[in-house]
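Enquirer: Residue strings, one per chain:
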Amino acid sequence: AQKVTQAQTEISVVEKEDVTLDCVYETRDTTYYLFWYKQPPSGELVFLIRRNSFDEQNEISGRYSWNFQKSTSSFNFTITASQVVDSAVYFCALISGGSQGNLIFGKGTKLSVKP
Amino acid sequence: ETGVTQTPRHLVMGMTNKKSLKCEQHLGHNAMYWYKQSAKKPLELMFVYNFKEQTENNSVPSRFSPECPNSSHLFLHLHTLQPEDSALYLCASSQEAGGLTGELFFGEGSRLTVL
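These protein sequence lines map, in sequence, to chains A and B.
Each number in the working numbering corresponds to the 1-based position in the first sequence with 7 added.
Each number in the working numbering corresponds to the 1-based position in the second sequence with 74 added.
Because the hints were derived from the structure by calculation, they are not lab data.
Treat the hints with care, as some may be off.
Here are the simulated DSS-like pairs of lysine-lysine, each with C-alpha atoms no more than 27 Å apart in a straight line [to be verified]: (1) K110(B) x K114(A); (2) K114(A) x K10(A); (3) K93(B) x K114(B); (4) K45(A) x K96(B); (5) K93(B) x K115(B); (6) K92(B) x K110(B); (7) K117(A) x K115(B); (8) K114(B) x K114(A); (9) K114(B) x K45(A); (10) K117(A) x K45(A); (11) K45(A) x K110(B); (12) K126(B) x K110(B); (13) K77(A) x K45(A); (14) K77(A) x K117(A); (15) K114(A) x K96(B); (16) K121(A) x K114(B); (17) K10(A) x K110(B); (18) K23(A) x K117(A); (19) K45(A) x K114(A); (20) K10(A) x K114(B); (21) K126(B) x K96(B); (22) K93(B) x K126(B); (23) K45(A) x K115(B); (24) K115(B) x K77(A); (25) K23(A) x K45(A); (26) K10(A) x K45(A); (27) K114(A) x K115(B); (28) K114(A) x K77(A); (29) K117(A) x K114(B); (30) K110(B) x K117(A); (31) K110(B) x K93(B); (32) K23(A) x K121(A); (33) K115(B) x K10(A); (34) K115(B) x K92(B); (35) K117(A) x K10(A); (36) K23(A) x K114(A); (37) K115(B) x K121(A); (38) K77(A) x K10(A).
Isolated chain A (complex conformation) (with noise of 0.2 Å):
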C-alpha cells in the first residue's frame, strides 16, 4: 500500500525561525517519486520539488532545503530564516507504480510564521 504521514498538523514559529516540515512515506515499489506542494491561503496547491528514489541527493533552493532518505522512508523540509509569506498548508505526496500514476498526499503541515 502507498501511504504518506505527515504527523505535525501544525506548527508555529516567529519570523527569522528555521523550520522542519517531517514526511514519512510508505510503498514497496523501488521506482517512486516524492514531492512537496504549498497551498496558501488563496487555496491552490502549489509545486515546490519533485524527487526520484534513485537520487538520494539533498538539494537546496534558497531558503529552502529537502532531504531524502530511504533508509528511514522520510522525505523533510526544511525553511531556513522563515517569513511571514510562508504561512501555508505544506503537503507532501508519493506517486508510484503502486499508485497507477496518482498522486497520494499526507494530511498536510499547517505552518502559521508570526512576525
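Place chain B on chain A using the hints.
Expert: Only chain B this time, still in chain A's reference frame:
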C-alpha cells in the same frame, strides 16, 4: 492569468439543487483531475481524465458526475448532495496521466457548502 481556472470560487447549495463546477486549463495538458479536500483529511482523488477519457473513478458517489468535453475543460455536476459533501474541490491538470513524473498544476478550488 493562472494556468488552471476554477469557477465559481464559492458555492452554497441546498441538498435538492443541481449545480456545476467548472475547470479550465490553459497549459496544453492532456490530463485533468478532480480532488476533494475536506478538513483534517488528505486530499482525495475523485476522477481522472486522460485525453478526454475517464481513467479513474475513485469510488465516488453518483451524485457527483464529471464531464470532460475536451482536454481543456472539466466539469463536476452536482446533484442531491449531502452536508458532508461540503469541501474544497480542486481541479488539476498535468501533461499526461499515469506517468510517474507528472507534476500537477492546481486551480484555486471551489469552496462548496451544502446546507
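Enquirer: Each hint: holds or not?
Expert: Okay, the hints, checked on the actual structure:
no., hint, in the structure
1, K110(B) x K114(A), "12 Å, holds"
2, K114(A) x K10(A), "10 Å, holds"
3, K93(B) x K114(B), "26 Å, holds"
4, K45(A) x K96(B), "23 Å, holds"
5, K93(B) x K115(B), "24 Å, holds"
6, K92(B) x K110(B), "18 Å, holds"
7, K117(A) x K115(B), "13 Å, holds"
8, K114(B) x K114(A), "7 Å, holds"
9, K114(B) x K45(A), "16 Å, holds"
10, K117(A) x K45(A), "10 Å, holds"
11, K45(A) x K110(B), "16 Å, holds"
12, K126(B) x K110(B), "20 Å, holds"
13, K77(A) x K45(A), "23 Å, holds"
14, K77(A) x K117(A), "25 Å, holds"
15, K114(A) x K96(B), "25 Å, holds"
16, K121(A) x K114(B), "22 Å, holds"
17, K10(A) x K110(B), "17 Å, holds"
18, K23(A) x K117(A), "17 Å, holds"
19, K45(A) x K114(A), "12 Å, holds"
20, K10(A) x K114(B), "16 Å, holds"
21, K126(B) x K96(B), "15 Å, holds"
22, K93(B) x K126(B), "21 Å, holds"
23, K45(A) x K115(B), "16 Å, holds"
24, K115(B) x K77(A), "26 Å, holds"
25, K23(A) x K45(A), "19 Å, holds"
26, K10(A) x K45(A), "19 Å, holds"
27, K114(A) x K115(B), "6 Å, holds"
28, K114(A) x K77(A), "21 Å, holds"
29, K117(A) x K114(B), "11 Å, holds"
30, K110(B) x K117(A), "18 Å, holds"
31, K110(B) x K93(B), "16 Å, holds"
32, K23(A) x K121(A), "9 Å, holds"
33, K115(B) x K10(A), "13 Å, holds"
34, K115(B) x K92(B), "26 Å, holds"
35, K117(A) x K10(A), "19 Å, holds"
36, K23(A) x K114(A), "26 Å, holds"
37, K115(B) x K121(A), "25 Å, holds"
38, K77(A) x K10(A), "15 Å, holds"
Comparing the model with each earlier hint shows no violations; every hint is respected.
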